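All chains, full assembly: derive it from the sequences and hints.
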Amino acid sequence: MAFPIEHRAEFTQSLAEVFTALSDRDALQTRLDAIGGINARVATYSHEGDQWSFLLRQGVGADKLPSFVRALHSGDIVVEREQTWARTGEKYTGTEKATVGPIPGDITARSELFVEGDVTVLRVDGEVKIRIPLIGGRFEGFVAGEVTKLLQRETEFTAQWLAAR
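Per my numbering, the very first residue in the sequence shown carries number 3; after that it's consecutive.
One should not assume that every hint holds.
As the list claims (entries may be wrong) - Once the Cα atoms are required to be at most 30 Å apart in a straight line, the calculated DSS-like pairs of lysine-lysine come out as:
| id | residue 1 | residue 2 |
| --- | --- | --- |
| 1 | K99 | K66 |
| 2 | K99 | K131 |
| 3 | K151 | K131 |
| 4 | K66 | K151 |
| 5 | K93 | K151 |
| 6 | K93 | K131 |
| 7 | K66 | K131 |
| 8 | K151 | K99 |
Bear in mind the hints are in silico, worked out from the structure with no lab data behind them. Treat the numbers as computed from the prediction; the structure is a model and nothing was measured.
Quick look at the structure:
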């Protein structure tokens, strides 16, 4: 069974400005630097025409993990987020797949960036699946909560980054 993720953010800036904040290599690295994580970096990046893809890598220190995670894995964990975006008409659509190494499972999401009235809207819908018998559901809830918090922190950073431009 999977645990759902839902996130919605609104920005007063244009579609192009918000998309740049979400997809430009330098903007991504600046966001990673601000949000933190061990060795946080843009690991790969490509942009051709109306297609973007990148891999973000962030480490989470063992001291930041709850005890039930530390009971299964000692040491730091690495989160890898593979994201793609494409311009489709008057909006951008994206997919994201994340892994939390070495936890067996994955996080998948679909994103849309579009104009609604006088705001630019980012909508993310996804799910967390953890394949550990008996306690996988507990992990899924924890990971989904952490992903939701991360999306909120990223939204706050993006709004501040855009306001400073």
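Taking the hints in turn, this is what the structure says about them:
no. : hint        : result
1   : K99 / K66   : holds, 22 Å
2   : K99 / K131  : holds, 11 Å
3   : K151 / K131 : holds, 18 Å
4   : K66 / K151  : holds, 14 Å
5   : K93 / K151  : holds, 25 Å
6   : K93 / K131  : holds, 28 Å
7   : K66 / K131  : holds, 21 Å
8   : K151 / K99  : holds, 17 Å
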